[in-house]
Amino acid sequence: MSEIRRSSVSLPAVVICAWIIPGGGYFLIGQRARAMTAGVAIIALFLSGIAVGGIRIMDPPGWGQYGYMTQLVQRFDRRRQQTADEYTRIEPSSAEESRDPSEDDRDQPSGSALIHQPMAELADKPWYVGQILCGPITLAASAVSISAAHPSAGSPGVETWPSSHSRSWEIGALYTAVAGMLNLLVIIDAAHRAGQVH
Amino acid sequence: MTIAYMIFFDPLPIWVKPWFWPLLLLPLCLAVAVVYKCVRCRTMDQVPREAMGLFITIVLGMILTAAALAGLAAIMD
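Chains as they are written, first to last, in my numbering: chain A, 26 to 223; chain B, 1126 to 1202.
In case anyone wonders, no lab produced these hints; they're calculated from the structure.
Derived contacts from chain A toward chain B, CB cut-off under 7 Å, selection only: (1) Ala58; (2) Arg59; (3) Thr62; (4) Ala66; (5) Ser73; (6) Ile196.
Here are the simulated lysine to any residue pairs, SDA-like style, with alpha carbons at most 25 Å apart: (7) Lys150(A) x Leu1149(B); (8) Lys150(A) x Pro1147(B); (9) Lys150(A) x Trp44(A); (10) Lys150(A) x Met206(A); (11) Lys150(A) x Leu1150(B); (12) Lys150(A) x Leu1153(B); (13) Lys150(A) x Trp1146(B).
Just so you have them, the derived chain A footprint on chain B, three or more residues with Cβ under 8 Å: (14) 1144-1154; (15) 1162-1176.
Backbone N, C-alpha and C fix where the C-beta goes; we use that ideal spot for every residue, glycine too.
Generate the whole structure from the sequences, applying the supplied hints.
Written out as structure tokens, the structure is:
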């Protein structure tokens, strides 16, 4: 009589491992050939996207063009002599502006746009939802991208590594986002296989 | 209009130079075919043949769709 048992690896462990390393979920349940094939295909697609569009295609929500966190400010309306009801979105171009984005002493900085309006920030950069599914490789690439966006000391207001535009940006973002969505497919399948009764 | 949606309003011009942009869709199709067949196939021995079949199907489908849309655009012009 055949033994009826589930995979010895826990489902959350498979899902987390599959997100951390594309194909890692398959590896954990012992399907190494499947893990290598899927993982190499996904990582190659992700890196190809960066190769086509440059590292600056990693454009995380909440960070502006110059690699500083987008800030919200309630401007002081001089005509009405009161603080405006609406927030103004500021993309700082220097560390100083990032710390204090107000232009007038009576402006009221409200902090990071990512914290106060996370959904609005995410809706502005929806491709990142696909990209983040690729795991920590996305976070690492985003950190490099943010660092590369900071203006150099000699040329304020100019990005150290300008972001690509037009087709190269589109293809790069498409590659990386599709890589993330393929990883989601692989995560779900690895979890399904881990939960199957043998 | 945010840049996120521009690809749908300003698609790749496949009929003018530089003509290499559409070729960049081939690695994308290959990766999709390989990963999809990794998920679907019972044994990994089947994956290379099945993935190649899916890759060819996707590419042919895109070529036929592009030809049909180009024909439609020519008629409407």
